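Novice: Residues per chain, in single letters:
Number of protein chains: 6
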Amino acid sequence: MKKITEIIFLLSLLSWTSYAAVNDFCVADLKAPDGPSGYPCKPINEVTADDFVFSGLVEGNTTNPFNAALTSAFVTDFPGLNSLGISAGRLDIGKGGSIPMHTHPGATELLILVEGEITAGFMTPFHLYTKALKPGDVIVFPQGQLHFQVNSGNEKATAFLAFSSANPGAQLLDLLLFGNSLPSEIIAETTFLDVEQVKKLKARFGGIGIVSS
Amino acid sequence: MKKITEIIFLLSLLSWTSYAAVNDFCVADLKAPDGPSGYPCKPINEVTADDFVFSGLVEGNTTNPFNAALTSAFVTDFPGLNSLGISAGRLDIGKGGSIPMHTHPGATELLILVEGEITAGFMTPFHLYTKALKPGDVIVFPQGQLHFQVNSGNEKATAFLAFSSANPGAQLLDLLLFGNSLPSEIIAETTFLDVEQVKKLKARFGGIGIVSS
Amino acid sequence: MKKITEIIFLLSLLSWTSYAAVNDFCVADLKAPDGPSGYPCKPINEVTADDFVFSGLVEGNTTNPFNAALTSAFVTDFPGLNSLGISAGRLDIGKGGSIPMHTHPGATELLILVEGEITAGFMTPFHLYTKALKPGDVIVFPQGQLHFQVNSGNEKATAFLAFSSANPGAQLLDLLLFGNSLPSEIIAETTFLDVEQVKKLKARFGGIGIVSS
Amino acid sequence: MKKITEIIFLLSLLSWTSYAAVNDFCVADLKAPDGPSGYPCKPINEVTADDFVFSGLVEGNTTNPFNAALTSAFVTDFPGLNSLGISAGRLDIGKGGSIPMHTHPGATELLILVEGEITAGFMTPFHLYTKALKPGDVIVFPQGQLHFQVNSGNEKATAFLAFSSANPGAQLLDLLLFGNSLPSEIIAETTFLDVEQVKKLKARFGGIGIVSS
Amino acid sequence: MKKITEIIFLLSLLSWTSYAAVNDFCVADLKAPDGPSGYPCKPINEVTADDFVFSGLVEGNTTNPFNAALTSAFVTDFPGLNSLGISAGRLDIGKGGSIPMHTHPGATELLILVEGEITAGFMTPFHLYTKALKPGDVIVFPQGQLHFQVNSGNEKATAFLAFSSANPGAQLLDLLLFGNSLPSEIIAETTFLDVEQVKKLKARFGGIGIVSS
Amino acid sequence: MKKITEIIFLLSLLSWTSYAAVNDFCVADLKAPDGPSGYPCKPINEVTADDFVFSGLVEGNTTNPFNAALTSAFVTDFPGLNSLGISAGRLDIGKGGSIPMHTHPGATELLILVEGEITAGFMTPFHLYTKALKPGDVIVFPQGQLHFQVNSGNEKATAFLAFSSANPGAQLLDLLLFGNSLPSEIIAETTFLDVEQVKKLKARFGGIGIVSS
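Residue numbers (full-length UniProt numbering), protein chains in the order written: chain A, 1 to 213; chain B, 1 to 213; chain C, 1 to 213; chain D, 1 to 213; chain E, 1 to 213; chain F, 1 to 213.
Don't take every hint at face value.
Just so you know, same-sequence chains aren't split out, so a pair can sit in one copy or run between any two.
Said to hold, decoys possible - Result set (DSS-like, lysine-lysine): computed pairs, CA atoms no more than 30 Å apart in a straight line:
1) 134 with 31
2) 95 with 200
3) 31 with 131
4) 134 with 95
5) 95 with 131
6) 199 with 131
7) 134 with 156
8) 200 with 31
9) 31 with 199
10) 134 with 200
Honestly, the hints are just simulated from the structure, not real lab data. Just so you know, these numbers come straight off a predicted model, no measurement behind them.
Next up, chain A with everything else stripped away, as it sits in the complex (with noise of 0.2 Å):
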């Protein structure tokens, strides 16, 4: 009879570990709204170990005009990852393949290089922090900063992407400037790019504009 006793009394020690612990851990309801700190948690006897793993952070298929392809792995496919501020990604880009620059404008991003070659590297108004990264080699790019990855190698690149936040986003440069309604006189003055040049982007992004106001 000890051993009930043992366990009421050590589950009476525990009583304390409420099903709500907010500090352990929170999986993701993607049902509900998101907030400013994520997700509401998912009641937890409904959690199990699939919510903590994620499958199928493989090779994409980089047969496409840029040679190259991007797979993530954030709490929106993943709900265990909610509010622990990480979340993963997989790169490959072909031969001649690069990721345009972009930013992530609410996390850092770390990348391990696994195969080939890639040229990295972010700027600052006044600096250029760039390197040719070889297998096991690891670049961050802080938060907020303007980047951009090519392959400089000969063959395949793959690398592993780490982010400092359970949904990063992501934005394209020409997305910003060419994919949306920003009248082009007005790209121009702000980017002191020509007119022309400005057109001849619109017209290859802007398709998918919507305009907001």
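Starting from the known structure of chain A, arrange chains B, C, D, E and F on it as the hints suggest.
Specialist: Then chains B, C, D, E and F, alone, in the frame of chain A:
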């Protein structure tokens, strides 16, 4: 046909730019209950430019016994501020007017004087930090410090305010002490004010006391 | 009539003291789902003094095999604590009793000894930080560290506890290792314990294992 | 010989358990200047168990005009608290004594009553939240709220305090208003107190005013 | 003699209001190195009211090719802002002038228009959020978003700015892309700009490139 | 001559892009003492691309009794990570190998399996969350949870790791319990292990105990 392919690819690059981008911004859904880090996010497809713009930070009506007016642009008026840790206000003080002693328990305040002269300051147990401000002067009242603003010039004074919170509370000392049901004897005992002084001010401010117990 | 005008003006000064003052406090609405930064806020007009007071942090019943009792005052019992980053507890340990090894993954713990003698400490991979405490001694167990408390005196010992979280979880090492469905062979392999020892303790604690996979 | 190899391997597993473990704990080097998030860390090889233990949270001397005593265990006395967001205190109030109105601009306070009766509370512009506390009651004063504690019983009262900061400041209202060089006229204007009352209290508290300008 | 005793007692009540009050404020010691959460604190006895006041947020000189001027009040000019998460600026744009596309990777910006008309906005990959602002309008640019400001009226425009950081960085897009040693071919490849356009702008902005590798 | 004027103007626009940009990044000055939020910042003119790149996250040597190797890229090796809340590692486990039970008190861990099969999981008092992982699977171990990794396949396994801290500590359970001077009797009492088992493991791990008291 290349354009379509490119856009599809760019969109796939952006597949992780999910519509619930927790880190980029989270416009308040003001109909939902508030939480410790702000309001839940409005669905991104309901967000418009108007969520990020507030109109009406103009001169207030100072024809009142205090010759002063405060106007605010906080998250409850301006849902784009949600969780961004900033908000704004405007202060107009007529000649001879002042803003009584108060604190903001959850926000630092920055005051930018644009017209007239204001003498403002805050106190710690051992020091007074105060200055007569001229247009172009900026003063900071660190979070939670008791502070005051007095028109010390010969004309109307105007200032813009910024707060380090999307929804700063304001606590006027007189309302804290004399505007509720706290018994006069306890007030006198814990402030060293004379009981007659307390009763006089309770008569002035006490009508709005609401007992919570 | 002046009084009315003044109060109206003061109220207008307070127009920004909105009822959803995100920064001042946010009493938990315990009927709503928890989130990463705590519970949503209860409407301010439903908040009473009772939300900020907890009753019952009194001596627990130590007539159990461990001669010990833990009592807690966490947000789930005490909604005024929501998002304030603090909570309380009380520990009573009879002569010869002890609290087994455990961690709080999301909170630092402070123990204030008020009666008797407790030997307590925590460990890092290279060091043991321990002390026999007398009444009036305070010890801190930094967040996430494995720690223990043993009554090392000749009488009952009592301590008050504070945690740097409104809702700290507690993880008893024995329940982590022996109280669930983790196979004995994996436990033995990853702890270097003998399999017989593992099986003996699983028999003692294992009845409450719940498989999640 | 196996043992040596194993330990070397375990040490190598721990090679990343660097001596400057920024996340685990950071004991204050109190000889270095303080910073926004606390003191710099003491070298780990100088850290001892004594850094995590404070002695002396015992009954204070209440033979003063206020029949009250406060004792504190903050980071400046107790370097192991550095950056952990928690600290402790003890409050003794003799019969008829009280602690005057004050705020902690940077910390929430938790009061655990262990002996006697204390009536305590805090105020917002529209409400008073107060209660007569019995032993075993806990009350929370959210960060930055003006609050008070009065011995409302027939005997000495004792409470333990916890704060959500390693180094909470305390601001006694009388010292803020009357203990420095703020001119009586400005105090009267911004508090609505009578000038005579202000002068009376400045005479009582004003001797310690230090002008900073 | 009572006064002395009382003050001594009040001082002892304040014994915990230590001079290094980590939570109340921490004025920057600008001669010490900066850290992740700001500058170390200046000793409290060297702090004066001047640390909390900045003078000079006045109209800038707009007689330059861009008809625009920016003035700032950041922690490096204004040490009282240290770690308080707020700072200020002033923007003057002459008729026909504009501020080029830029981001603040570490701060949200609030713009309060006081005179003239400014059309301002920010872009996400799929949307443009923009508005022509009138005096009294406030617009928020969430942290890290690419944004612009154009004088769209017939007269000079003036705005006050607030930032959610004591020391916001500013990244002008043209300097990021064309002001450093990043090779024209990589810029063209990762922005889809024509190489001739890139070379033209590098010639215009490239003189200040500094290679870091 | 226009170019010079423009650049001077742009530089003046950037006058607030101070060299100590607290928000953009803060590369660690590893010669200075660590603090609660990381290392002080290296002067910006000493920062190079190499600060943002780490080389050597390659296969470790698994010819040891555990058939396992861990390699890390933390702030102490990689100063650009300072205060960015992220770091990386690599795990190689030979056939039959495993990583013993451990916690990271200050970081969430993400494991990306790239080769072989690893069975990994973590435990709470009532549940086990575990899974046999295939290449392309990602698992998250929330901050402070006790977890393990076992090679459950027929070949070598390789994984990349990311942590939500620039400098995560690692606490191997055996070293915590058996690798220091904690007396066998206290270990037995607070873990329910048999004393003989404790002594056996202390003999295996105890040689590196360092007493701190």
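Novice: Hint by hint, note whether the structure agrees.
Specialist: Here's how the hints hold up against the structure:
For a Cα distance limit of 30 Å, the shortest separation of residue 134 from residue 31 across copies, 28 Å, qualifies, whereas the shortest one inside one copy, 42 Å, does not. Within a single copy, residue 95 and residue 200 get their C-alpha atoms as close as 27 Å, and across copies as close as 29 Å, so both meet the 30 Å cut-off. For the identical chains of this complex, residue 31 and residue 131 are inter-copy neighbours only, at 25 Å across copies versus 42 Å inside a copy, given an alpha-carbon limit of 30 Å. Within a single copy, residue 134 and residue 95 get their C-alpha atoms as close as 15 Å, and across copies as close as 27 Å, so both meet the 30 Å cut-off.
In the homo-oligomer, the alpha carbons of residue 95 and residue 131 lie at most 30 Å apart inside one protomer (18 Å), although the nearest pairing across protomers, at 36 Å, exceeds that limit. Proximity of residue 199 to residue 131 under the C-alpha cut-off of 30 Å is restricted to the inter-copy arrangement: shortest distance 22 Å between copies versus 33 Å within a copy. Taking the shortest Cα distances, residue 134 and residue 156 sit within 30 Å of each other both inside one copy (12 Å) and across copies (23 Å). For the homomeric pair residue 200 and residue 31, neither the shortest alpha-carbon distance inside one copy (41 Å) nor that between copies (43 Å) is at most 30 Å.
In this homomeric assembly, residue 31 and residue 199 never come within 30 Å of each other (Cα to Cα): the closest approach is 41 Å inside a single copy and 41 Å across copies. In this assembly of identical chains, the alpha carbons of residue 134 and residue 200 never lie at most 30 Å apart, being 36 Å within a copy and 33 Å across copies at closest.
Violated hints, listed in ascending order, are 8, 9, 10; each of the other numbered hints is respected by the structure.
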